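There are 2 protein chains.
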Amino acid sequence: MKINQFATIPTNFDQQVKELINIRFIDENSLSDNPIQLFRRLLQKTFINMTGESDLNEKLSTYQANLESDLKTYLDENSELDINVFYNVSLQLLEFNPDVDFTFSKPLEAMKTIQLKIVDHQSQYLSTNELISAWYWLLTTHNKFGQMFIDKLASQGYFVPFYNLDNYLYFNGKSMPVFDPNEAIREIVYVESNQDSDLDGKLDLLKVEIIRPKTSQKVPTLYTASPYNQGTNDETGDKLMHNVNIPLAHKEPTETSYEDIEYKVTDAKLPAPRKINGQTDIATQTFSRESSYTMNDYFLARGFAVAYSAGIGTKDSDGFRTTGDKEETISTIATIEWLAGNRVAFTNRTDNIAIEANWSNHKVAMTGRSYLGTLATAAATTGVEGLETIISEAAISSWYDYYRENGLVIAPGGFPGEDADVLAEETFSRRLQPGDFLKIKNNWENQLQSITDGQDRLTGNYNEFWDARNYRKDLKNIKADVFMVHGLNDWNVKPTQVEKLYQGLNQLGIKSKLILHQGEHIYINNFQSFDYTDIINLWLSNKLLEQQNNAQEVLPPVIIQDNVKPETWNKFDSWASDKNEIKNFYLQPDKLSSEKSSEVLSFNDQLPSEKFDFYTKNIATWQNDLINSGSNYNNRLVFKTDPLKEDLVIDGNVNISLEVSSSENVGLISAQLMDYGEARRLNITPSLIAKNRLSGAYNWREDDLREFTLGKTAKYKMITKGHINLQNRKNSFKNDELNAGKRYQISLQLQPTMYRIPKGRQLGLVIYATDFGMTVRGNQDITYSISLNNSSISIPIHK
Amino acid sequence: MKINQFATIPTNFDQQVKELINIRFIDENSLSDNPIQLFRRLLQKTFINMTGESDLNEKLSTYQANLESDLKTYLDENSELDINVFYNVSLQLLEFNPDVDFTFSKPLEAMKTIQLKIVDHQSQYLSTNELISAWYWLLTTHNKFGQMFIDKLASQGYFVPFYNLDNYLYFNGKSMPVFDPNEAIREIVYVESNQDSDLDGKLDLLKVEIIRPKTSQKVPTLYTASPYNQGTNDETGDKLMHNVNIPLAHKEPTETSYEDIEYKVTDAKLPAPRKINGQTDIATQTFSRESSYTMNDYFLARGFAVAYSAGIGTKDSDGFRTTGDKEETISTIATIEWLAGNRVAFTNRTDNIAIEANWSNHKVAMTGRSYLGTLATAAATTGVEGLETIISEAAISSWYDYYRENGLVIAPGGFPGEDADVLAEETFSRRLQPGDFLKIKNNWENQLQSITDGQDRLTGNYNEFWDARNYRKDLKNIKADVFMVHGLNDWNVKPTQVEKLYQGLNQLGIKSKLILHQGEHIYINNFQSFDYTDIINLWLSNKLLEQQNNAQEVLPPVIIQDNVKPETWNKFDSWASDKNEIKNFYLQPDKLSSEKSSEVLSFNDQLPSEKFDFYTKNIATWQNDLINSGSNYNNRLVFKTDPLKEDLVIDGNVNISLEVSSSENVGLISAQLMDYGEARRLNITPSLIAKNRLSGAYNWREDDLREFTLGKTAKYKMITKGHINLQNRKNSFKNDELNAGKRYQISLQLQPTMYRIPKGRQLGLVIYATDFGMTVRGNQDITYSISLNNSSISIPIHK
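Protein chains in written order, with the numbering used here: chain D, 38 to 836; chain S, 38 to 836.
Derived by calculation from the structure, the hints in this document are not laboratory data.
Among the clues, some could well be false.
The list treats identical chains as one, so a pair stands whether inside a single copy or across any two.
As the list claims (entries may be wrong) - Below 27 Å or equal to it, Euclidean Cα-Cα: the simulated DSSO-like pairs (lysine-lysine) are:
| # | residue 1 | residue 2 |
| --- | --- | --- |
| 1 | Lys752 | Lys648 |
| 2 | Lys620 | Lys767 |
| 3 | Lys749 | Lys654 |
| 4 | Lys181 | Lys628 |
| 5 | Lys728 | Lys181 |
| 6 | Lys363 | Lys516 |
| 7 | Lys352 | Lys109 |
| 8 | Lys301 | Lys608 |
| 9 | Lys181 | Lys478 |
| 10 | Lys276 | Lys149 |
| 11 | Lys478 | Lys109 |
| 12 | Lys654 | Lys602 |
| 13 | Lys620 | Lys537 |
| 14 | Lys752 | Lys654 |
| 15 | Lys312 | Lys276 |
| 16 | Lys276 | Lys143 |
| 17 | Lys154 | Lys82 |
| 18 | Lys620 | Lys752 |
| 19 | Lys312 | Lys109 |
| 20 | Lys109 | Lys476 |
For clarity, every value in this text was computed on a predicted model and none was experimentally measured.
All chains should be modelled from the sequences, with the hints used to inform the complete structure.
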C-alpha cells in the first residue's frame, strides 16, 4: 500500500520543538532527556485512554520492538534507541499490520514502500534531537486509515484538554481541532438579498443555517451554497423528465452570430429594503441537524464556522429557482456579503430585527461539489468582497455544457431527460411547505414554463438562456483563489467544465490549484491513500486564518491520480497544455494507422424495435455492446491501433476530424475513445474500506473511509467521448445546412482527459450516432458514411 | 407506502393525560382549553427550534390546513378543529408529502392506507379530550422516515431539558431518551473468567468496554459479545481458506451411534483466582470509540448501559479462540456474572485492584447478529443469573449446521472454504498486538491445528467436535426470555438455525418471540416500514426495567414479513407447525404432478474444464444457469408444476424423497425449490432510503434508513435448498454403504421457509449435485439416476 501526502510542510528543528511544546508532547526539559526516557514519555502521552503506570506498561508490552522482544522489555533493557525499533513501533502506532504491510526485520524498507517520511539520522541509534524530529514527522504522517497520526489522536480525545484555551493551535501549518464541536452554536438568520426573484414586491429573504465554534475569537466561515440542502422534490421532478425517445429534428439553416444571442445584464428596479426595527446579537431560531458536508464537519472543530444556504426558491426562503442564472448568483453571494459585514440579515421573516455576524472575521471560503461547487464558481466570478477562496469540486462552469453539446441535447450521464426545468423543480423546496406553496403555486408554474421555453430542447442550440448561465464569461472579475477538483471519469458534470475554467484562469494569470482523480461524480475527502483533507486544511489555514504556511508554494499547481497504478497521485506543472505534442492517426477499416485509406465506411443507426426498447432500459448493456468490438452490434464503426509499442499518455483534448454524410437532412455523430486490452483497471466508484472510520474530532460525526481499488479483469475501458449535431459544424448557436447524402467535414473535440495506455494495449475509436445514455433516441433510419481519406484523430501527448 | 407498528400499546384516556403531562406536552389546565388554543400550544411545543411568537406564526403559516388555507390562517379564523385539518397537519408533521403520499381533501383516507392510527371521534370536530388523545397517538405514530414522532422530536432536542431529571421517563410503555449520551461514562474492566483457555496457568482476563449513562440510578445493561469487535485478521484468515476444488471422498461404512460421538463435559482443573489487592469504583482505563451496534446506541440515551466484550483470544484479553465450544460460552457469560455481582473484574491486568459494577441493576440483555447472536444463544443455554433476555439475530444454534449438512462440508453462502479454524484465526485479534502475540505464537498454532483436526473436513460428519458446539442440547437450562430474528433468505446463517431453536423452545414450553424477514444476513433496526426498534424498546423496558407494559401480550408470538407485498409484516401464532397440512407432488419428466411416473432420469455432474473454472469464479452465473430451465446447463434435472390455480403458501420444511443411484461409490444430491414466473420480487438486500437519517437522541450517532424494495422483473427465484451425502442417508454421523449403480431411497429436508407463490406461477424443483457456492467441487465424472416412481416432494401448507 502507498500513502500520498502533499500537505506536509518543511519545518526546521527549532520550529519543530516549538510546535511540539505547543501541543504539549514535550517541554523545555525534554531536550536533555535520554532517547529511551523520552520515547517512553512520548508514548505515554499517546496512550491517552489510561491513567496508571501499570496501564502504560501493559500497553507497551503489546507493541513489538524488534524480532526478539516487546517494547516494554526493550525500553527496560536498553539505553539506546535503535531507529528500527522506533519505526517498528511507529508502523504499529500507524495501524499497519506486520502480517501484511511490513516485517519487524525491515521497518525502514516498509516506510519507503508505503512512502512515509523517515527522519534524517546519523547512525542506527537516534539521538534525543533526532527522536524529537522523528516524533514530529510521525505526528504528521498518515496512518493506514486515512488520517495523520495527530488527527487520529485528536479523534481519541488528545485535544479535549485544549478546549478551554479558546485559541487556535497549529501543527505543521494546519489548524488543530481545539474547539469542542459538541458545544458549537447553531443559529438561523434570514439574509435580505438584493433581488426580488418571485416578484412579490419585497426583497427576497434567504435562510442561512450557521454552526460555529463557541469562542471569543473571530472566526472565518466555510460557506456551502446547496440548493439540495433543504430537501428535494424527487417524485415531482421525475414527472417533469423529458421524453428522449423522439427523433432528432431538422433545423432551418441560420446566420446567427454571437451578438444575436449574447446575454446582457439589465438592471431591474428593486423594491425598497425592509425598515430595520431593531438590532440584536441573539438569533431566535436554531436547528438540530444541518445537512452537512463531512469536510465542513472536520473544520468546525478547527475553528471554522460553517454556513449553509439553499438560496432562492428553497424551504424557508423567498424567491424562485432559476437553475444557475444571475438571480441565483445574487442569492448565493448575499450570505457572503452578510458574513463580510456588508448586508443585512434578520432573526426571522416578520419582526425586522437585524442580526450581525459579529463573530465573523469577514473571510469566507466556499465548499461543495456539483451544483454546490457550481455556485462557488458563480460567486467567485462576481468578485464579491470577503470571498477569499473557493474549493469547487466537480463544478459546472457553463450550464450549456451540462445539458447540451455542439447543438445537441446531451443529458448528464445517468439522467436522460433531465434539463434545467427539471432541476429547478427538484430543488424548489418551497413546495415542501404546503402552506407557503399554496400562495405561489401559479406564479411558480409560470416561472417553470419560462425555463422550459428558454432552455429550448428543440434545437439544442446555445442561446441567450444559456449565455446567461455561462460563468466563464466573467472570469476576469475573480478575486478569490480558485481550488478545483474534478473526476476524469465524471460523466455527470463532465471534465470539460473544469478544463475550460482552468485554462481560462491560466490565460488571465489567476492563481489556481487543480486536483484530478480517476473517479466519477464523488467527494474525495475520505480516502486512504491521499491527504486531501490535510491539503485543504493547509490551504484554508493560509487563506482564511492568515497562517504563514507557504500553502501556495508547497502545494503543486496540478495533482493528477494515475489511472494505471492504484494509490498513486502525481504532481504536474500543468494539464492539457497547448504546448503538448500532437500525434495523428488516420482511420482505416478496423484500424487506426499512420497511413490513410481511400475507403468509405457506413453504418445505419436504426435497431429492431425490440432491441431498441431493451437498450433504452439497459443502458449499461448497450454501452458494453457498443464498445465490445466482438459483439454483434453493427450500428457503429470501431477502429483500433496495433498493440502499442510504448506507453501512450493522453493529456488534454482529443480531436476527431471526419468527412461524413447522412442519408437524411438530420444527423449526429458520437465518438468514444477506447483503451482495449485485458487488464484490471481502477473502479471509478471508490470502495468502502471501513465504515464510520474517520472522525475529525473526539466524539464527533464520522465518515466512511474509501479508496479507488482495481476492478475485475476487463477487455476495455472507455477513455473519453463527445457528440456533435451535423448541423452545428461551425458552432453551437448557428444552424448549418445539411443535405442528405452530401459529405461534410466536421471537427469534434472530446472531453479532456489525462490517461496512460500502457504498451501492449490498443488505442481504439468507436464512431456511432445515438447515445442511449445521453442523446435523444429517435431510432431513425439514417445511414452515416465516413470517407476515411479525410478522417483522422489527433491526440495530445504528455511530454 | 405502508407503516407496520406492533409496539403501540393500548392506553386509556386517563393514562394518556398522565403521560402527556409527564413529557410536558400538556398540564392540568389543558383539559379546559378549547381545541384551537390547545392545538396551537401543542404545535408550539413541537417547534422546539424557535423562541418567539413571530417565529411560531411563520412556522404555522408554512403548514397547510385544508384546501383553502394555511394553518396560521385556519387557527386564527376558526373556533373549532376539523379532524381533517388535524390529520392534514399530522401528515405534514410526519413528513409525508402531499404530492406523493396524501391529498388535503382526504387525509383520513391516507391515514388508513398508510396504516396509521386515527383517534376515536364523535364528529367532524374534535373535542379537547379527543384532541389530547389524537395528539397522544400522533406522538406514538411512525413518520415517513422510520421513527415515532416523539423519537423524531427527541432527535431534534425535545428531551434535552429533561437531562437534569436523572430519572427514567416512559411514554406508551417505552423508555424515552432522557439521559445525555454525550455525557456517558466510558470505562474498561478486565473480568477474571472461570477458565484458562490458553493454559498459561492463570485464569483468563477478558476485557470489557462499558459505556453507560451518567446517572445516580441503577441501570440495566445491553451486552454484546462480539469476537469481531477488537479487530480481525482478514488477510491471515483468507490464507487459511480451504481448497474446495477437491473430489468428494468415499467413506468406509460405519455403525457409529450418537453415544460414540457425544460430547461430555469434563471438569478441568483450574488455576487459583488472583489475589485481590484492593477495591475501587474508578476505572483506570477508558476508550474513545467502541465498535458499536446502532441499536445499542439508541438505548444508551434511554437509560441502558452497553457492554462489549470480544472474549477469549481477542485483543487485550487472554485465552485462545475456539469457535463456539464450552470455553467460549464460559468466556461469554463471565461479563454477565460480573454485571450481576457474581464475579470479579480488575481495573487492569497487573495491579489486581477489583472493580465492582456498582451502577448495575443486575439485569442484562444480550444483543447482536450472527456470531454475536450465537453467543447470546450460547449464554442463554447456561441459565446464567442476571441474563433476563436475549435478542438473538441471525444466530447459529448448532455450528454443525453452519459448516456442514447431512455428512457434507457445506460452506456458509459466499464463503467457500471457510471453516471453524478459519473463523478462529480471523477473530484471533491478539495477533493484532504483536508484542503480545510474540509470546504465544507457537501455542496458538497448536490450538489452531487441534481445531482443524476436530472439524474433520474429510468426512463432513457430525462428531464430538460439533456436538460440543451444539447449543440445542442445553435448551432446557434456559431461563432468559428468547427473542429471535432471522432472514428467510439468509444463506450465511441458514434458517434451520432459528427454526430448530424455535421448535426446541416450543417443545420445552419456554416463552419466545420470533421475527422472520425477507432479507439475507442483515440487521433490521433501521427500516422504514417496520417498528423493530420500538418493539425491542417495549420488550427491554419490560424485561430489564420492569415497566408493566404488557410487552409479552402485546407483541405477537411470530411476525413474518410477506414475500410478495412490500412493506407488509403479518402476525402469526406459530411458524412451521407440525399441524400444517402436507401436500405431495410426484416427479415426472420436467413436471411436478399428482401422478407418478415410472421413468428413470439421469444427469452427469461433470463439466468441461473451462466451464468448470469459469463457474468457480462466477458463482452467481452458475446459480443463474442452474435454475434457468431455458439455459443449456445439462448437469441437473428441473421439475415444474403447471401454473398454480391458487396461491400456495409454504410454511416450514419441505421434504424431498428420492430413489437415487450414483455411478460411483461416492455421491451427493442437492436440491433447490423454485418460484418460476415473471415478476418483480423483493430484493434480499435492503435499499438505502436516506443516509444518516436516524438518530436515537439529540446530537448523537446516526444510522442510515433502509427498506426492502422490489427488484427488477425476473423469471424465477430460489425459495430454499438442501444437500445430502448419499453415504449419510440415516444420519450425519454414521457412514452408510454406497455401491456404484445401486438405487437407494433418500430423504432430504430443505431449509425451512414461509413463502407465498401467487397463483399463475409455477412451483419448481431443481435436482443437482455440485453446488458451486457451498459443496466441494471435484468436477467428478459421476452420473446420478433418479427413479421417478419412488420420488416425491412434500410441502407443508400454511392453513
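Inset, instruction - Can you give me the call for lysine 752 and lysine 654, within, between, both or neither, at a CA distance of at most 27 Å? - result: both (24 Å within a copy, 17 Å between copies)
Inset, instruction - Pop the pair lysine 728 and lysine 181 into one bin, within, between, both or neither, using alpha-carbon distances up to 27 Å. - result: both (14 Å within a copy, 26 Å between copies)
Legend entry - Status of lysine 109 relative to lysine 478 across identical chains (alpha carbons, at most 27 Å): Between. Shortest inter-copy distance 18 Å satisfies the 27 Å Cα cut-off; intra-copy 73 Å does not.
Inset, instruction - At 27 Å max between alpha carbons, let me know whether lysine 181 reaches lysine 628 within a copy, between copies, both or neither. - result: neither (45 Å within a copy, 57 Å between copies)
Legend entry - Intra/inter-copy verdict for lysine 620 and lysine 752 if alpha-carbon distance must be at most 27 Å: So lysine 620 and lysine 752 pass the 27 Å test inside one copy only (24 Å; across, 51 Å).
Inset, instruction - Tell me, please, which holds for lysine 620 and lysine 537 at an alpha-carbon limit of 27 Å: within, between, both or neither? - result: within (22 Å within a copy, 71 Å between copies)
Inset, instruction - Have a look at lysine 181 and lysine 478 and pick one of within, between, both or neither, based on CA distance no larger than 27 Å. - result: between (53 Å within a copy, 24 Å between copies)
Legend entry - Copy assignment of lysine 154 with lysine 82, given that the CA separation must stay at most 27 Å: within (22 Å within a copy, 57 Å between copies)
Inset, instruction - First find the shortest C-alpha distance between lysine 312 and lysine 276 inside one copy, then the shortest across copies, and answer within, between, both or neither for a cut-off of 27 Å. - result: Neither: 42 Å inside a chain and 74 Å across chains, both beyond 27 Å.
Inset, instruction - Up to 27 Å between alpha-carbons, please classify lysine 620 paired with lysine 767: within, between, both or neither. - result: Result: close within a single copy only, 24 Å intra versus 75 Å inter.
Legend entry - 27 Å Cα threshold - placement of lysine 654 relative to lysine 749: both (24 Å within a copy, 11 Å between copies)
Legend entry - Homo-oligomer pair classification [lysine 149, lysine 276; C-alpha up to 27 Å]: Classified as between; 26 Å across copies, 56 Å inside a copy.
In summary, the structure is inconsistent with hints 4, 8, 15 from the numbered list given earlier, while agreeing with the others.
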